[in-house]
Structure formats: structure tokens, C-alpha cells
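Chemist: Residues per chain are reported as follows:
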Amino acid sequence: DTGVSQDPRHKITKRGQNVTFRCDPISEHNRLYWYRQTLGQGPEFLTYFQNEAQLEKSRLLSDRFSAERPKGSFSTLEIQRTEQGDSAMYLCASSPGTSIEQYFGPGTRLTVT
Amino acid sequence: AQKVTQAQTEISVVEKEDVTLDCVYETRDTTYYLFWYKQPPSGELVFLIRRNSFDEQNEISGRYSWNFQKSTSSFNFTITASQVVDSAVYFCALSGPNQGGKLIFGQGTELSVKP
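Top to bottom, those sequences are chains A and B.
The opening position of the first sequence corresponds to residue 1 in the numbering used here, with each subsequent residue numbered one higher.
The opening position of the second sequence corresponds to residue 1 in the numbering used here, with each subsequent residue numbered one higher.
If you are wondering where the hints come from, they were derived from the structure by calculation, not from laboratory data.
The model shown is predicted, which means the values in this text are computed figures rather than measured ones.
From the three backbone atoms N, C-alpha and C, an ideal C-beta is built for every residue, glycine too.
It cannot be assumed that every hint is accurate.
To be verified - Below are the DSSO-like pairs computed for lysine-lysine, each with C-alpha atoms no more than 27 Å apart in a straight line:
| hint | chain 1 | residue 1 | chain 2 | residue 2 |
| --- | --- | --- | --- | --- |
| 1 | B | Lys114 | B | Lys16 |
| 2 | B | Lys3 | A | Lys57 |
| 3 | A | Lys57 | B | Lys38 |
| 4 | B | Lys16 | A | Lys11 |
| 5 | B | Lys70 | B | Lys114 |
| 6 | B | Lys114 | B | Lys3 |
| 7 | A | Lys71 | A | Lys57 |
| 8 | B | Lys38 | B | Lys16 |
Stated by the list, open to error - Some chain B residues well away from chain A (every beta-carbon gap over 12 Å; in silico):
| hint | residue |
| --- | --- |
| 9 | Lys16 |
| 10 | Thr30 |
| 11 | Arg63 |
| 12 | Ser65 |
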């Protein structure tokens with residue numbers, strides 16, 4: 001399978017705990033994006049990387065959120081001190097840079113209890 | 001500011017009917033890109049089409065067709081002879097030229113095709 005992969009697919013955590021999600025983009029795609037999708041809404045942009053550089057962060061990305069892409073390949077998204085409002089689907093997408101179509105992974109569904 | 005509006009929250013049709021999903025966008029950019037994505041019940045967003053703002057030619061791909069009209073800022077999507085497998089949430093999205101490719105999505109239209 002050469003598509004975008006995300007791990008885990010589902011995560012249930014208690015409020016106040018830290019969680020980390022991983023995204024593996026399509027090989028050789030130099031751009032990687034994170035989005036958040038809540039029930040009944042379209043995805044909302046969180047942040048993106050070109051290679052290892054984080055080039056933009058949305059205002060949605062509070063101080064409790066941090067994303068990395070240390071070697072320009074996979075990326076992690078960490079949420080510290082989770083809140084119930086963080087419950088959502090977290091989507092990762094990648095694009096090759098030579099075109100702007102983004103290819104999405106299956107998402108990580110986070111439930112904060 | 002950029003914005004995408006999909007006024008139809010839910011549409012229900014019977015198999016073999018044609019259905020059009022509406023998308024209206026707002027942008028101040030003169031160059032921009034429009035997209036349609038499909039999100040089936042499995043949850044994974046599937047890329048369907050990209051249209052550049054300077055190319056107003058309509059496109060047809062099998063049972064799918066897209067009508068881009070800059071004059072009305074619309075990019076509508078028509079499925080001809082719908083099938084049950086077309087049931088999904090469909091998202092229209094917009095991207096500007098200097099935004100790193102980030103997508104601004106509409107709220108989506110949930111299409112239900114009944115046998």
C-alpha cells in the first residue's frame with residue numbers, strides 16, 4: 001500500500017492525558033498537511049510542512065498542540081493535556097509539491113472522555 | 001477572506017437519478033484552485049478533481065461532470081445515473097496561490113442514493 005497511512009486509527013483517552021499521532025505520507029511527497037474534522041463539518045487546516053520545515057500554523061493550533069516532521073518523512077502531532085473539545089478526526093494529507101492535489105490518509109479518530 | 005459554501009446539507013435520490021451538488025466560493029485571489037473530494041463511510045477523503053481558475057472548461061469523467069462558472073463563483077458537481085456506491089459526503093474546497101496549498105473546505109453535502 002503506497003497511500004498515506006496514519007496510526008493509530010482510533011484513540012480513546014481521558015481528559016488531561018497527552019496523545020501522539022503519526023502520519024506517513026506517500027513516498028517522496030515533500031508537503032505534509034494536518035487537518036481536523038469534527039462531526040458534520042468539513043476538515044479545517046491545522047498546519048503544514050515542506051520537507052522538515054513547518055511553514056504555517058493555524059490559529060486553531062493552540063499551545064497544547066505541536067507537530068514535527070524531523071527528517072522530512074513521517075510527521076507526528078502531539079496534543080498535551082487533552083480536553084473534550086479536542087475530540088475529532090485528525091487527518092493527514094501529502095502532496096508532491098509539483099502539483100497541489102492532496103492525498104489523504106484514513107485519519108485518527110480521537111475521543112476524549 | 002476565502003470561503004466555500006455548500007448550501008445543501010443532505011440530498012437523497014433514488015438510484016439512476018441525476019443529482020447536482022452545489023458549491024459557491026469566495027476569494028480575492030485572481031488565481032486559485034477548486035477541488036472536489038468524496039468521503040465515503042469509511043472516512044478517507046478521496047480526491048476527485050482539481051480545476052484552475054484560468055480554465056473554465058467543463059469536465060466530464062464517466063458519470064461525473066463539473067461545471068465551473070467564474071461569473072457566479074460556482075463549481076457544481078453532477079453525478080449522472082447515480083448508484084448506491086455514490087453515497088458519501090462530498091466536499092468542495094478552495095486553495096489560493098500563496099498559501100502552501102492548504103485547502104479551505106465547505107461543510108459538505110451528504111448524498112444518499114437509495115436502491
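Chemist: Take a quick look at whether Lys16 of chain B and Lys11 of chain A sit within 27 Å of each other, Cα to Cα.
Modeler: violated, 39 Å
Chemist: Measure nothing beyond the straight line between the CA atoms of Lys3 of chain B and Lys57 of chain A; if it is 27 Å or shorter, mark the hint as holding.
Modeler: Between Lys3 of chain B and Lys57 of chain A the Cα gap is close to 18 Å, so the pair holds against 27 Å.
Chemist: Given the hint that Lys57 of chain A pairs with Lys38 of chain B, does the C-alpha gap stay at or below 27 Å?
Modeler: holds, 25 Å
Chemist: Over 12 Å from every CB of chain A: does Lys16 of chain B meet that, or does the non-interface label fail?
Modeler: At about 28 Å from chain A, Lys16 of chain B clears the 12 Å cut-off, so the statement holds.
Chemist: Verify this label for me: Ser65 of chain B is non-interface relative to chain A, using a Cβ-Cβ cutoff of 12 Å.
Modeler: Holds: least Cβ distance 19 Å, greater than 12 Å.
Chemist: Straight-line Cα separation of Lys71 of chain A and Lys57 of chain A no greater than 27 Å?
Modeler: Roughly 19 Å separates the two Cα atoms, so the pair holds.
Chemist: So is Thr30 of chain B really clear of chain A, every C-beta pair being over 12 Å apart?
Modeler: holds, 16 Å
Chemist: Verify the proposed pairing of Lys114 of chain B with Lys3 of chain B, using a straight-line Cα cut of 27 Å.
Modeler: The given pair, whose Cα atoms are some 31 Å apart, is violated under the 27 Å limit.
Chemist: Checking a non-interface call: every C-beta of chain A should be farther than 12 Å from the C-beta of Arg63 of chain B. Is that right?
Modeler: Nearest chain A Cβ is 21 Å from Arg63 of chain B, so the label holds.
Chemist: Would the pair Lys114 of chain B and Lys16 of chain B pass a check requiring their Cα atoms to be no farther apart than 27 Å?
Modeler: holds, 9 Å
Chemist: Lys38 of chain B and Lys16 of chain B were given as a pair; does the straight-line alpha-carbon distance stay at or below 27 Å?
Modeler: Holds, because 19 Å separates the two Cα atoms, which is no more than 27 Å.
Chemist: What's the verdict on Lys70 of chain B and Lys114 of chain B, does the C-alpha distance respect the 27 Å limit or exceed it?
Modeler: The hint is violated at about 33 Å.
The structure is inconsistent with the numbered hints 4, 5, 6, although it conforms to all the rest.
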